[in-house]
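First residue of the sequence shown? That's 751 in the numbering used here, and the numbers climb one at a time after it.
No lab work stands behind these hints, which were simulated from the structure alone.
Computed from a predicted structure; not experimentally measured.
Just so you know, even glycine gets a beta-carbon here, dropped at the ideal spot from N, CA and C.
Be careful, since some hints might not be right.
Unchecked claim - Simulated restraints, written as ranges between beta carbons of each label pair:
#1 1166 <-> 910: 41 to 47 Å
#2 910 <-> 1114: 43 to 49 Å
#3 849 <-> 877: 27 to 33 Å
#4 829 <-> 866: 21 to 27 Å
#5 1127 <-> 1089: 14 to 20 Å
#6 1099 <-> 1127: 47 to 53 Å
#7 1066 <-> 1099: 56 to 62 Å
#8 1061 <-> 1105: 48 to 54 Å
#9 1114 <-> 918: 41 to 47 Å
#10 876 <-> 1164: 19 to 25 Å
#11 1126 <-> 898: 52 to 58 Å
#12 884 <-> 1142: 26 to 32 Å
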Amino acid sequence: MEIETRQREAHAKRAEAERHAEEARQRAFKMREDAAAATRLLEEQNRRREEENLRLLEAQRQMEMDRMRATHIAEAERARATREAAEAKAMHAKAAAEALRQKAMAAAEALKEQERLRQQRLLEREESRRLREEEKRREENMRAAMEARLQREEAERKADEARLRAEQMRAQALEAETARLQKQTSMLQASMSNLHVSTPEASCEKCHAPCKPAQKFCPKCGFKRVDSAKVSPPPLATALSLGASATSLVGGTCAACSFSLKPGAKFCPKCGTKTAATTAAPTPIPAPVALPMAPTACTGCYAPLGPASKFCNKCGTPVSAMASAPVPMAMSAAPSACPSCGFQCKPNAKFCPSCGSKFGATLTLAQLEQRQREDDEVRQNLAQAQARADAARQTQMHQRNYASSLAAQAQAQQAARYSSHG
């Protein structure tokens, strides 16, 4: 019972506290509303007060502007009166200045007329002097042009004579070289009549062991053998190749600038002049004579044979059947040109005798660059020579045109002078 009594008292106290809290909240809410109303009233009063102050300030500013406007109007009236007075004075001064200007203009016109007459007289004297000097200068230019043309013709004539002498000297050198080659050829032909071909017994060049003619390697030491017919060419072919080389080397200087030319060069690398490839007619050489050769090995079994053997000791093949076919002498065919320098080489040559290039071998990068530089230099020299020739032609054309214009001006001035005198 006591617990229930305490619970009821607690519930009553809590209800009383909640009622007091609700009343406090209502009082606070009312006070907040009263404060907001007071704030709105105060703000309204302040706004009205500020509007009143603004109206007062606007009225004061308007009054000040009216006062300043009246002051400005008065000052403008005074300034207009002053300006009108100044304009009146300026009109009087302008009229006086116009009168003075008219007088000055009249005096200036008189002075200008006098100066014009004086300048006209000076110009007439200057023009007459200029015409005399121009006539004298034209005569001097015509005389100089005539002298230059005569000098150019003389230089061209001397150049033609020098070129003709060079051609004659080259022709004489070619004739002398041809005579020398013909003499050598005749001597070689005379020695060919007494030529006897003897074939030595095949042996290794390193260990001198006997070998078969068809064997390319020594069976004893393995050394690679070289055919004697390929190593030692016939003297007639050697003489012909030497003669061709000597003929190609004749006239190895440029006819225009005397620059040393490479064998087989078609253009001068210095001035670009095309070289005249004149060669003497080749001397006819009689056909080669087939000479019998004694076999050194059997054609059937390749066994070595003795110098006086009539039959093969191994297979019994007669030696007369082996030696029935004569072996012709090797003659050089048509020469071939070197791809590097253009030199005329033998058809079976492996190396160029002029530049040393190996035939059939791939050129290295340095050789390709060297050849490209030489080609570029030749093209550059050709372009420079062409540019110099074009510049010389342009200069000649300008000189001729200038001389023609001077002559035309002289004729026109003479015609004008004759018409003025008439």
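Hints, verified against the model:
no. : hint                      : result
1   : 1166 <-> 910: 41 to 47 Å  : 44 Å, holds
2   : 910 <-> 1114: 43 to 49 Å  : 46 Å, holds
3   : 849 <-> 877: 27 to 33 Å   : 42 Å, violated
4   : 829 <-> 866: 21 to 27 Å   : 50 Å, violated
5   : 1127 <-> 1089: 14 to 20 Å : 19 Å, holds
6   : 1099 <-> 1127: 47 to 53 Å : 27 Å, violated
7   : 1066 <-> 1099: 56 to 62 Å : 42 Å, violated
8   : 1061 <-> 1105: 48 to 54 Å : 53 Å, holds
9   : 1114 <-> 918: 41 to 47 Å  : 44 Å, holds
10  : 876 <-> 1164: 19 to 25 Å  : 20 Å, holds
11  : 1126 <-> 898: 52 to 58 Å  : 37 Å, violated
12  : 884 <-> 1142: 26 to 32 Å  : 29 Å, holds
Going down the numbered hints, you'll see the structure goes against 3, 4, 6, 7 and 11, while the others check out.
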